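Protein chains in written order, with this note's numbering: chain Z, 1 to 299; chain X, 300 to 598; chain V, 599 to 897; chain A, 898 to 1196.
Mixed in with the good hints there might be a few duds.
[To be verified] Using C-beta positions, here's what the derived DEER-type ranges look like: (1) Arg410(X) x Arg897(V): 26 to 32 Å; (2) Gly369(X) x Arg709(V): 32 to 38 Å; (3) Arg254(Z) x Arg709(V): 27 to 33 Å; (4) Pro1057(A) x Ser256(Z): 57 to 63 Å; (5) Pro160(Z) x Gly1041(A): 37 to 43 Å; (6) Arg709(V) x Arg1021(A): 28 to 34 Å; (7) Leu1139(A) x Gly890(V): 46 to 52 Å; (8) Phe747(V) x Gly341(X): 49 to 55 Å; (9) Gly890(V) x Glu178(Z): 32 to 38 Å; (10) Asp218(Z) x Gly1041(A): 50 to 56 Å; (11) Ala353(X) x Gly1061(A): 54 to 60 Å; (12) Gly890(V) x Gly1041(A): 47 to 53 Å; (13) Arg560(X) x Arg693(V): 26 to 32 Å.
For the record, the hints were derived by calculation from the structure and aren't laboratory data.
None of these values were measured; they are calculated from a predicted model.
C-beta atoms are modelled at their ideal positions from N, C-alpha and C, and glycine is treated no differently.
Number of protein chains: 4
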Amino acid sequence: MIGRMVEIEPPPSNAGTARLLVQCADRPGIVAAVSRFLYEHGANIVQADQYSSAGGYGRFFMRSEFELGGLDVPSEELERLFEDQVAPRFDMDWRISLSDRRPRVGILVSRSDHCLLDLLWRWRRGELPIEIPLVISNHDRLRGDVESFGVPFRHLSVTPDTKGEQEREVLEQLRETEVDLVVMARYMQILSGAFIEQYPSRVINIHHSFLPAFAGADPYGRAFERGVKIIGATAHYATEELDEGPIIEQDVVRVSHRDTREDLVRHGREVERSVLARAVQWHIEDRVFVHGHKTVVFR
Amino acid sequence: MIGRMVEIEPPPSNAGTARLLVQCADRPGIVAAVSRFLYEHGANIVQADQYSSAGGYGRFFMRSEFELGGLDVPSEELERLFEDQVAPRFDMDWRISLSDRRPRVGILVSRSDHCLLDLLWRWRRGELPIEIPLVISNHDRLRGDVESFGVPFRHLSVTPDTKGEQEREVLEQLRETEVDLVVMARYMQILSGAFIEQYPSRVINIHHSFLPAFAGADPYGRAFERGVKIIGATAHYATEELDEGPIIEQDVVRVSHRDTREDLVRHGREVERSVLARAVQWHIEDRVFVHGHKTVVFR
Amino acid sequence: MIGRMVEIEPPPSNAGTARLLVQCADRPGIVAAVSRFLYEHGANIVQADQYSSAGGYGRFFMRSEFELGGLDVPSEELERLFEDQVAPRFDMDWRISLSDRRPRVGILVSRSDHCLLDLLWRWRRGELPIEIPLVISNHDRLRGDVESFGVPFRHLSVTPDTKGEQEREVLEQLRETEVDLVVMARYMQILSGAFIEQYPSRVINIHHSFLPAFAGADPYGRAFERGVKIIGATAHYATEELDEGPIIEQDVVRVSHRDTREDLVRHGREVERSVLARAVQWHIEDRVFVHGHKTVVFR
Amino acid sequence: MIGRMVEIEPPPSNAGTARLLVQCADRPGIVAAVSRFLYEHGANIVQADQYSSAGGYGRFFMRSEFELGGLDVPSEELERLFEDQVAPRFDMDWRISLSDRRPRVGILVSRSDHCLLDLLWRWRRGELPIEIPLVISNHDRLRGDVESFGVPFRHLSVTPDTKGEQEREVLEQLRETEVDLVVMARYMQILSGAFIEQYPSRVINIHHSFLPAFAGADPYGRAFERGVKIIGATAHYATEELDEGPIIEQDVVRVSHRDTREDLVRHGREVERSVLARAVQWHIEDRVFVHGHKTVVFR
């Protein structure tokens, strides 16, 4: 099967693109219905992914990115029509997301700067099409770094006694700044179930181990004690069960007997920041679907 | 977007599955037309992948795997109908492949046994759903190994003078055994353009370097001389231009100054055999599309 | 610091090499004493590695490979002299190993053939300079494969009632065949502490997960349930505590939501066989030192 | 061979450590002579590595890190004694480096900030024990970033006509600031042989491909055209032959047909910055020896 390289120049599409995200119980006809709907309304599909769990007898997931340019109706109207004409037949859990709308990301951090600065940097460089209305920390240490990026920094210290109160204050701040996604960039506080309920599958945490290995505290110390030959990091959605949330991305790095505990921490930082950055990028590009306690990631 | 884990048991489907493989110039409506066609004929899609090059303005590639069980017509009829009703509108390059038909693979090999034995082993273990009607070598060295798997071995020696003649003989043997795919499992002879024309995008070669690095002869020796810190292997479709064919898969392994030239050869073997095995598996599962001098691989 | 490439041809050294392996509490003068001893007896060092834990205040490990050719005394005499003149001053735990003596490896296996066949292959190909006097299995399934390599196969079935008895029989067989190293190549029986005591740091097991993740039974099933994005394998010395022994080597492979449980098993096999092969190779080349419940590996 | 975990606390060693770096034609007695010398002068060895090329018949390399605390003479005197008593016997190319002396690193950069900022960060975080007296760029674009770290930034623009003159100016600035190591952190100008002669094996360049693949201009563009499945980066010492210098470190990342040329650039940035950081770290820790046109790296 030999293809010719056809590389027609795309027309200037100032309208940008939108993404139709669908999941529902799997059954025949879903793709036909959705693709026909998009076609009839002039949506030119730029990228499309779908996945059927359990070999077509489980749950169906679909991500279709299409140009707004050729639509015969405004995107709001497209949503209304989809709600009326397609979604009900398949009992779909769905939404349309406009890719030119920049998600608002609130970052929580404690003392370590590597994940935070990496995100700020990618944001400033334009790699991450997001807004960062606020960085909150339980320490005042990183204020200078954050403010040097022109990003508001809020210090909300916490003690065992004030934990609940501080969390409510964090929540309040995130609400006020209308945050869509919360990123725990090495935030060393455990969020309550009540907090997470406010952002279901919208709180991303980076754990500094290759979960489920070394869940909980001091993973590098325990990795050093155990004498593992590879360490890693895991980005997952925070849930009530600590370190048990759906895994978005993981990566590893090789270590040896020569590496001290401090070396593990240093090597680990590299993996943490890149794993977290990938997870955030995929989330804001609507590539991550939660499927029970697992994820479907369309890379 | 939270999904419930729905894991309905699939019905016993003795009918197996088929794969519809399509590529054509991209334009709106292709997915709608294809998915509607499959739906209307009772095809339950098990897995589907598509890709639009140049952001939707280049070439379109689609792979749909569906169950034969629910079809309202025999698969031959389905092909006829697709040819009449869908393909012409989009000038499609397409085919339907029955996944229960085992492709016939002819293996060419010289002296090194690692890639050959790895393939034979995966075949015997049922990992590779193929037939292996014939192994041809320009040396008699590996006859015992091959025959111990119950696979016919044919020794066709070659000298500079007999090169053309031997190649014609190889070709003849492959034809007689009705081979669909030719795998060069470390076959150290260069095939002529005339030979390759007989099997367009159906001759897979494993090159023992990370192409385009160290194309040509003695890649490990040259990697050793150059002092690289990583070596690799590349599986690609053979073309007239040596080591220039579309790359299917590549992988690497880390080496150091301590590794001798012989160590590189030894480490390289690991990569060669796994890279070749993946390439063959993806090819026979119809996951590889050739796009000019590149590949689209639906993994 | 620029070096000239000096590549003098080595003299024909039929005498082969020996390895001096030392560990002891760290303190100044060890290297001076050992290297002087070797020098004064005409030992030309081919490769040398050393490691000081805790930054020079913990335990010292040394591996020196030297040519037997130039020795002024036979190697047995060299051992006696080292025992008298060097070892006592530093309370050394030491031995000299002749690299031309091929260690005798006994392989235990159950039903899965991939690790077993991979070892047999490397052995036959000359990659692993060992003897394999015996393969023991609790199933008769792999007899044909093993015997086709000309290696004796012994079937010792086991039931809950006969477990102790069968283990004693296994031990007896290993003793009779004078095995130096026991390799559990996917042997799905737990060895008793009494058994392992007979081969301290000389029983290598391959666990089909990235320990400490998924210790115990069905690691791939649990990895699938947990939705990890990377799976791995771990080669370690067996100890009384299941899956808690000193880790020799680990490696991983990336997986995705598309991979079924069966896919994980298939991908895992690749990692298992290469990780186990590396661990066995390093062990027989005397590159692995046990340090408490960790290892020092001179690669 | 079972070791006890002995973890004696090291004494407060304010004196820091020194590294003895040696290379010479290989022959028996070198280690004995050097280790005896260090022992007799009270040097407690913290870490030691050695390598013999060509199996003990080529060139010998040694790195010994020892505590200055227990020395019976000042380090200057130690150098004099080594020069007199040890070096001549073996015609050694050697030096002693004090690890508390922070090497002075001058950074050259053009428009891309990722490698530069990564180095500045690691430096500020204390990961890289260096001084950065100066950053020079042929563009003024990154001044703000550099100066926000409190590091002097010098803009020296270049045109085809002023190339030689600008290079002399760069050289002059590096001399004035007494730079030990020059790092080309994506500096898109080719340095002349005359320049490099001033810093033999002391100019580190990061090339944005997996050398020797895609040497020269636009490696990502060519990687995209070739359709490789893995891209990489290479840190090497700059030499007169462009992209031919001794390779210090390389690493790779997997890509697919879905990745655009821009995606390759983005993924590549990750590899570039970590590969360059590792190369710089190893260089300043005196772990890299140049051996002809290759390197020996004691990791």
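Okay, the hints, checked on the actual structure:
At roughly 29 Å, the beta-carbon separation of Arg410(X) and Arg897(V) lies within the given 26 to 32 Å, and the hint holds. The hint said 32 to 38 Å for the Cβ distance between Gly369(X) and Arg709(V), and at roughly 36 Å that hint holds. For the pair Arg254(Z) and Arg709(V), the beta carbons lie near 31 Å from each other, so the given range of 27 to 33 Å is met. A C-beta distance of roughly 48 Å is found between Pro1057(A) and Ser256(Z), which places it outside the suggested range of 57 to 63 Å.
Look at Pro160(Z) against Gly1041(A): about 42 Å separates their beta carbons, and that is inside 37 to 43 Å. Separated by about 56 Å at the C-beta atoms, Arg709(V) and Arg1021(A) break the suggested range of 28 to 34 Å. A C-beta distance of roughly 50 Å is found between Leu1139(A) and Gly890(V), which places it inside the suggested range of 46 to 52 Å. Restraint check, Phe747(V) to Gly341(X): a C-beta distance of roughly 51 Å satisfies the suggested window 49 to 55 Å.
Distance hint for Gly890(V) and Glu178(Z): a CB-CB separation of about 53 Å, inconsistent with the stated range 32 to 38 Å. In this structure, Asp218(Z) and Gly1041(A) break the distance hint of 50 to 56 Å, their C-beta atoms being roughly 38 Å apart. Judged by the Cβ atoms, the range 54 to 60 Å given for Ala353(X) and Gly1061(A) is violated: they are separated by roughly 43 Å. Under the hint 47 to 53 Å, the C-beta atoms of Gly890(V) and Gly1041(A), about 51 Å apart, fit the expected range.
Checked against the hint of 26 to 32 Å, the pair Arg560(X) and Arg693(V) passes, with Cβ atoms roughly 31 Å apart.
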